[in-house]
Amino acid sequence: MRLKNPVLMKELREWMRGKRPFAIITFYLLLLTGVFFLAWPRDFGHYPEANMGRQIFMAVLGVLMVAVVFITPAIASGAIALEKERRTIDLLQVTLLGPSEIILGKLVSSVMYLLLIVLASLPFVSIGFIVGGVSPSEIAKALLLLISVMLGLSALGVFVSLIFKRIYVANGVTYGIVVILTFGTVILDEVLRTTFYQQVPGVYLEWPYQMLLSRHLNPFFAMTTMFQSIPPGEFSRLFWLFGTKVPPWATLSLIYAGTAVVLIAVSIRYFDSLVKRGE
Amino acid sequence: MCRPQTSKQNYPSQVIAVIEIVDLCKSYGNVDALVDLNLKIKKGEVFGFIGPNGAGKTTTIKILATLTAPSSGEAYVSGYDVTEEPYKVRGLLGYMPDFFGMYDSLKVWEYLDFFAASYRMPQAERRDAIENVLSLTHLEEKAESFVAGLSRGMRQRLCLAKTLLHDPELLILDEPASGLDPRARVEIKELLNGLKDAGKTIFVSSHILPELSDICTTFGIIEKGNLLLSGSKEKIMEAIRGVRRIKAKVLSDTKKAASLIESEKGVGSIKIDGKEVQFEFNGSDLELARVFENLVTAGVLIVGFSEIETNLEDVFMKITRGELA
Ligand SMILES: Nc1ncnc2c1ncn2[C@@H]1O[C@H](COP(=O)(O)OP(=O)(O)OP(=O)(O)O)[C@@H](O)[C@H]1O
Ligand SMILES: [Mg+2]
Chain A
1 MRLKNPVLMK
11 ELREWMRGKR
21 PFAIITFYLL
31 LLTGVFFLAW
41 PRDFGHYPEA
51 NMGRQIFMAV
61 LGVLMVAVVF
71 ITPAIASGAI
81 ALEKERRTID
91 LLQVTLLGPS
101 EIILGKLVSS
111 VMYLLLIVLA
121 SLPFVSIGFI
131 VGGVSPSEIA
141 KALLLLISVM
151 LGLSALGVFV
161 SLIFKRIYVA
171 NGVTYGIVVI
181 LTFGTVILDE
191 VLRTTFYQQV
201 PGVYLEWPYQ
211 MLLSRHLNPF
221 FAMTTMFQSI
231 PPGEFSRLFW
241 LFGTKVPPWA
251 TLSLIYAGTA
261 VVLIAVSIRY
271 FDSLVKRGE
Chain B
1001 MCRPQTSKQN
1011 YPSQVIAVIE
1021 IVDLCKSYGN
1031 VDALVDLNLK
1041 IKKGEVFGFI
1051 GPNGAGKTTT
1061 IKILATLTAP
1071 SSGEAYVSGY
1081 DVTEEPYKVR
1091 GLLGYMPDFF
1101 GMYDSLKVWE
1111 YLDFFAASYR
1121 MPQAERRDAI
1131 ENVLSLTHLE
1141 EKAESFVAGL
1151 SRGMRQRLCL
1161 AKTLLHDPEL
1171 LILDEPASGL
1181 DPRARVEIKE
1191 LLNGLKDAGK
1201 TIFVSSHILP
1211 ELSDICTTFG
1221 IIEKGNLLLS
1231 GSKEKIMEAI
1241 RGVRRIKAKV
1251 LSDTKKAASL
1261 IESEKGVGSI
1271 KIDGKEVQFE
1281 FNGSDLELAR
1291 VFENLVTAGV
1301 LIVGFSEIET
1311 NLEDVFMKIT
1321 RGELA
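Line by line, the protein sequences give chains A and B. For the first sequence, our numbering begins at 1 and goes up steadily by one. For the second sequence, our numbering begins at 1001 and goes up steadily by one.
There could be a bad hint or two in this list.
Just a sample of chain A residues kept apart from chain B, beta carbon distances all over 10 Å, derived [claimed, not checked]:
no., residue
1, V131
2, P136
3, N171
4, F183
5, G184
6, E190
7, G258
Straight-line C-alpha distance at most 25 Å; calculated PhoX-like pairs for lysine-lysine [stated by the list, open to error]:
no., chain 1, residue 1, chain 2, residue 2
8, B, K1224, A, K276
9, B, K1256, B, K1275
10, A, K276, B, K1088
Just so you know, the hints here were simulated from the structure itself, not pulled from any lab data. Every residue gets a Cβ at the ideal spot worked out from N, C-alpha and C, and that includes glycine.
Input sequences plus hints: build the corresponding full structure.
As C-alpha cells, this is what we get:
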C-alpha cells in the first residue's frame, strides 16, 4: 500500500513503534472480554435467543462507544501539540506540505487507530449477530454513529492541539469538553428540567424539551436509545425535535460529522495563525 | 523607526539577489527585535550573521524561513516575497533552526524519507537523494539506526542532511555549531566549506565570530535589532581602519622615537612598552610611510615597524561596545 500523505505515513510509523497504542488496545480487549462474559446469559433456558444476541450486541457496542469517546481525546489532542512540544513543527512547516496535508494526515491517523479498535471488536459483535436478534441495518446505524463520534472528537482534538502549545493543556481541554458532552449534558438537562418545572408553581407543567442537550450532544444517550423500544407517549417527547421526527442517533451523527467538517475547515484555513498562537 | 509600509518597493531590481531585506521591522509587544533591517546577499555568498544573544538573528532567520510574519518591511528570497509566496520560498531554501526536535522513533533513513516526501520528491529520486546527503554528512552507517540513538553532533548533521535533501540553492543555518564539541564544530565547518565550494548561497548565524571568520565571504554585525555593519571582511576591517594601531620596535632611544611620532599628523594615543612604541594612527598608507621615513632620517634605529593585526573578534567587540558609530 502506498500512502500519498507523508504525514499520515510518518504518524503510522510512529504509532507502530510506540508502546502506548498497543497497551491501549490490549487493555480495551481485556475490558471487552470481561463485559462480554458478564453480558453472556447464564440461564439459557429462560432467554429467548433473540434477546440474548441483542444483549451481547448492546453490551459490546456500549463498551466500544465508551472506548471511542475516552480514547479519542488522548490520541487526537496530541496531534499538533506534540509537534510543538518536541520542537519539530518548524521543520514540518518549512516543507512544501500544506496545512490540509498536515491536518488531514493527523486526523486520518487518529481515525485509523480508532477503526483498529472497532475492528478488534468485530468478533464480539459478530457473535451477537450470529446468535441473532440484531438486524444488519441496526449494525450499520451503530457503525455510522460510532464513526461520526470518532470524526467529531478527532477533529476537536486536532483543533485543540493546534491552539495550545503544551500537550497536557490540549489533553486536558479536550477531555474537559468530552466530560461536558457526556456527564455535563445529563446534569445540565436535569438542571433545566427542574428549573423550568419550578417556575410554574401550583400547576404541573412538564418542560417540553426534556433531555434537550443529551439528545443532541451525548453519544451515550444516542447509543442507548438506539436499541430501546420506547412507548409511544415517551417516544414523542424524546424523539421529536422541534416537530421533526428524527431519532437521536441520527441527529447526533449529523451534529458530530458536521462539527468535524467545520473544525477541519477552520484548522486548515487558519493553520498558520493558530499554530503560532502564544509566540 | 518602524512605520507601516506606505509604498511598495519596486521589485525586481537590476540583479535579483538571493536574499533581499528591505526596511524589515519586527516587534514583540514593546520589544523591538528588529529595527529597519536592510540587507542584500548575492548568489554564492557565504554570509556570517553575527550578534550577541538577543540581537535578532533568529528573528531575521525565521522571517526569511517564512515562519514568522514581519511587523513591517519586506524580505525576498530569489525575488519571491516571503509573506506573499511562502511556498515558493520554502522550496528554494534549506532551513536549519537553532533548536529543534526530531522524530526519535523513526530510523535515520525514514526520517529523511519523510522530509524528502514532504518536499514532494518523487519516490524514485528519494533513495539517491538520501544516500547522497547521508554520505555528505558522514552518516551512511547510521542509516538504519533510530534517531533516538544519535549523539548531539550526529543529530546536528542529520538536520543538516535534511536541510540539503531537496538541493536548495540557499541554506539558512541558525547557529549550526552551537552546543558541539570542538571536533564536531570542525566537522560542521568542513561541511559548510564543501557546500560553499559547491556554489551554495549560505546564510549562517553565530554569536562567536572566529567560528565563521574563515568560511564566510561577507558579514553582518547585528545588535539589539540594528544591523551595525555589513559587507566583506575587508570592508569591516576598513571601517575600523581609522583606529588602526602600529607598533615600532626601536634599538634605543625609545623616548626620542615616541616624541617624534607624537609630533606627526594623524597620530592618536601613544604608549611605550619596553623597546616598543605603540600608537594609534588615523591616516593613509602614504602618511604612515612618511612617519617611518622621518624616524629614519632623525637617526632612530628601527628594528621593526608594523601594524598590530586587528582580528574580527576585536572589531566585533569594538562595534558592539559602541566604539564605532
Ligand atoms: N516569541 C517571542 N516573543 C517575545 N519576544 C521575542 C520572541 N522571540 C524573540 N523575542 C525577542 O526578540 C529579541 C531578539 O531575539 P532573537 O531570538 O532573534 O535573538 P538572537 O540574536 O537569535 O539571540 P541568540 O544568540 O540568543 O539566539 C530578543 O530580545 C528576544 O527576547
Ligand atoms: Mg538565536
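To see whether the hints hold, each was checked on the structure:
1. V131: Holds, because the least Cβ-Cβ distance between V131(A) and chain B comes to about 42 Å, which exceeds 10 Å.
2. P136: holds, 40 Å
3. N171: holds, 19 Å
4. F183: It holds; F183(A) is separated from chain B by about 35 Å at its closest Cβ, greater than 10 Å.
5. G184: Its Cβ never comes within 10 Å of chain B, the nearest being 36 Å, so this holds.
6. E190: holds, 46 Å
7. G258: Label holds. Min Cβ-Cβ 31 Å, cutoff 10 Å.
8. K1224(B) to K276(A): holds, 23 Å
9. K1256(B) to K1275(B): holds, 12 Å
10. K276(A) to K1088(B): holds, 21 Å
The structure fails none of the hints (numbered hints given earlier).
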